[in-house]
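Asks: Sequence:
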Amino acid sequence: MAKTFKILFILALLGALAAAGITYAVYQQVKDSIPTKEEMKAIELQIPLRIYTRDEQLIGEFGEQRRTPIRYEDIPLDLENAVLAAEDSNFYHHPGVDFMGLLRAAYQLVSTGEIQSGGSTITMQVARNYFLSFEQTFMRKFTEIFISLKMEQELSKHEILELYMNKIYLGKRAYGFDAAAQVYYGKHLSELTLAQYAMIAGLPKAPSRFNPVANPSRALIRRNWILQRMLSLGMIEKEAYQAAVEAPVTAKNYGIQADVEANYVAEMVRHELYQTYGDKLYSEGLVVYTTINSERQRNANKAVYDGVLDYDERHGYRGTLDTRKDLLDKDLSTQQEALESFDNIPNWTMALVLKTSADSASLRLKDGSAFELPFSAMSWAAPYLNENARGKKPESVSDVMVAGDIIQLRPHADSTWRLAQTPTVQSALVSLDSKDGAIESLVGGFNFFANKFNRITQSKRQPGSNFKPFIYSSALSNGYTAASIINDAPVVFHDSNLTSAWRPTNDGGKFYGPTRLRQALYRSQNVVSVRLLDEMGIRPTLNFVERFGFDQNELPHNLSLSLGSANLSPLQIASGYTVFSNGGFRVQPYLIDRIEDRNGDVIFQSEPVTVCKDCTLLEKSADNMQSKGLFDTPQGVVELPVAPRVLDEEVAYIMYDIMRDVITLGTGRRARVLERDDIAGKTGTTNDGRDAWFSGFNGEVVTTVWTGFDDMSPLGRGEWGGSASLPTWIDYMRPTLADLAPSYVHKPSSLVTVRIDPNTGERAYPGQKNAIFEIFRRDHVPAANIAARPETPDSNGNNSGQSSPSANTALENLF
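The opening position of the sequence shown corresponds to residue 1 in the working numbering, with each subsequent residue numbered one higher.
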């Protein structure tokens, strides 16, 4: 017996020595792959670029790996327990490697040919995910074991679990459990139920096989097994278990849900930052806060959406997408498959017309449900003939659709549907804070996903009369007044810069004769603008309008400049209008407010040139030749560059006052519905109605709206700036201004108001009944028209030709 024991002891000792030798040899082979303590502590996750509004609403995310890192303290207890029950119930008690589990897995592999229970601990999974490849070799497995053992020495259990929760792949490009909560449930992790925690806890084992969207039945079995494990381990009570296993599968493919739709904005930011960061932009965890105001962006989205659809319905129905009578006898899945084959607009749906009656249509929707569409939801659909004409208004459903037609529907009031069609027209809106140029909302087109072309920045179109205020401000700056008379009469120009003789006309072909500049602008008279530019000179005017931010190289060097024939972007126009809104200062549009790194440290903070009215102006420094001022902001007192004055404040106010008349008397009269006397603006329509504009403002905000076709087709009869774009501007400004007190452009005390003769623009004589008031710069008040003044009878009843002293005194008091 003693001899046998001795032999066994020697064999055991030799086996142990051999195992130690093998372990040492393997260690020597893999030691260079084992990360150092510093490398373990410096682990960085790949985190996507995230873009937010100024008030911290998510508008976009860019990166291959959807991930929202969380700290251990933020992990819900039910989720932690579900993960431990599913993956490693002994996590808090093993040294990083579950040797019994490995032996069990090895035995299963030898005896059955497959591993029936996992041998990897959570620590080993973290080691594999952060430091190793996924190749299936024994050497990689040994490396994984050594890394796991060292990791347990260098990191706490909570740190290891936090790394696991943030790194593990859970399907649908979701890395980490908070990202999975958003992708599958459209919620943050803290908002899920026990059943949902168990569902996503089942994903690490096989993200495809147990995916609750792709394989809900398998995922349900896996979820309930995890809940059973949690119950048996004492992690949950019987009542909670029972409620969770009875819960239905509620997962959907939500993706990462933005809080605010601003896809054109997000793409602008991504494109700009990519120039600096390259591909690292999508994994460095940068957080960008834009100047976008979330509520105003929502207003802009709705205004553009409604404006485009209103235009589209005004011009008639272009017909159904297809007619498939063969589908009427097919099964439900075949009908759904056919409807799915059509591209659609987000939140819209496709439908198959099953049958019709005089006042409704029975439809099969894309989701398989049935719906009765009333005639009132399609009564708008008179046939489209061309941009100027529609066919007969429908009188019954059969005038619009028949059984077998495939149609589009869009959401309408009271959770119902309305007949729709994908619009071909486009519209875009941009709104700026005129004190510093911050872009507060921006919509670059009707549907970003169908066409990513950003019409606010990338499209250069003719602004038409929307450009005239820049010409008129040049005139006021060079001695003209709002009362100056220009003859609106037929004229022929032989400009060497034009290919042939030019005979400008007004819309409608009407001429008004001698016209004051104020009238000419609010009535948008073309001939006056052309004559005015001809009198001032093209070169001096080009030099002047540069101060609004326009490049002379982009402007025509001929008289067509006066009618807005330049190709300019809506952002350029809106930027120019900020000068009128802020009283004469030039600001630069900007979109990025600040950028933070993955640790929340600010690595970029914008310093926009800002209008300095009530701030304290500082001296120029040697290293910064830009004057700065101390501004009182919501973030405290900050030092910012001061916006330069480019337009005399008197001229700026007179232009504002004239453009208020555009709203009250002129082409922008529809905006009177807002019942605001602080708003001003200008319409714009180009030849054949190819572009329709409205730019409007008060003392704080400037908004420009453009409407047109990308292929330059005419908008059609009756579609002007005041009918195609102004309604969208109104729909945006109504909620934007609703809670804001009136904000007027500052009126300089140096301006004077004088009564004038409306026909001549000269000072009115005392007692003139048709006299009106006009605003002037003190040095540009017109002289009294003595020749037109009625003579005053003397004491003998004779006319003396002189006005009474009292009348003269009263007139002078107007200054």
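The hints are simulated quantities; they were obtained by calculation from the structure and are not laboratory data. Among these hints, one or two may not hold up.
[As the list claims (entries may be wrong)] Below 27 Å or equal to it, Euclidean Cα-Cα: the simulated DSS-like pairs (lysine-lysine) are:
| id | residue 1 | residue 2 |
| --- | --- | --- |
| 1 | LYS187 | LYS355 |
| 2 | LYS280 | LYS366 |
| 3 | LYS325 | LYS355 |
| 4 | LYS325 | LYS366 |
[Claimed, not checked] Each pair of labels, with its calculated beta carbon distance range:
| id | residue 1 | residue 2 | range |
| --- | --- | --- | --- |
| 5 | LEU665 | ALA738 | 50 to 60 Å |
| 6 | ALA741 | ARG598 | 38 to 48 Å |
| 7 | GLY234 | THR193 | 15 to 25 Å |
| 8 | SER415 | THR250 | 54 to 64 Å |
| 9 | ALA450 | SER376 | 51 to 61 Å |
Backbone N, C-alpha and C define an ideal beta-carbon position, used for all residues, glycine too.
Asks: A separate judgement is required for each hint: does it hold in the structure or not?
Replies: Quick rundown of the hints versus the structure:
no.	hint	verdict
1	LYS187 - LYS355	40 Å, violated
2	LYS280 - LYS366	40 Å, violated
3	LYS325 - LYS355	11 Å, holds
4	LYS325 - LYS366	16 Å, holds
5	LEU665 - ALA738: 50 to 60 Å	25 Å, violated
6	ALA741 - ARG598: 38 to 48 Å	41 Å, holds
7	GLY234 - THR193: 15 to 25 Å	20 Å, holds
8	SER415 - THR250: 54 to 64 Å	21 Å, violated
9	ALA450 - SER376: 51 to 61 Å	28 Å, violated
Hints 1, 2, 5, 8 and 9 from the list above are not met by this structure, while the remaining hints are.
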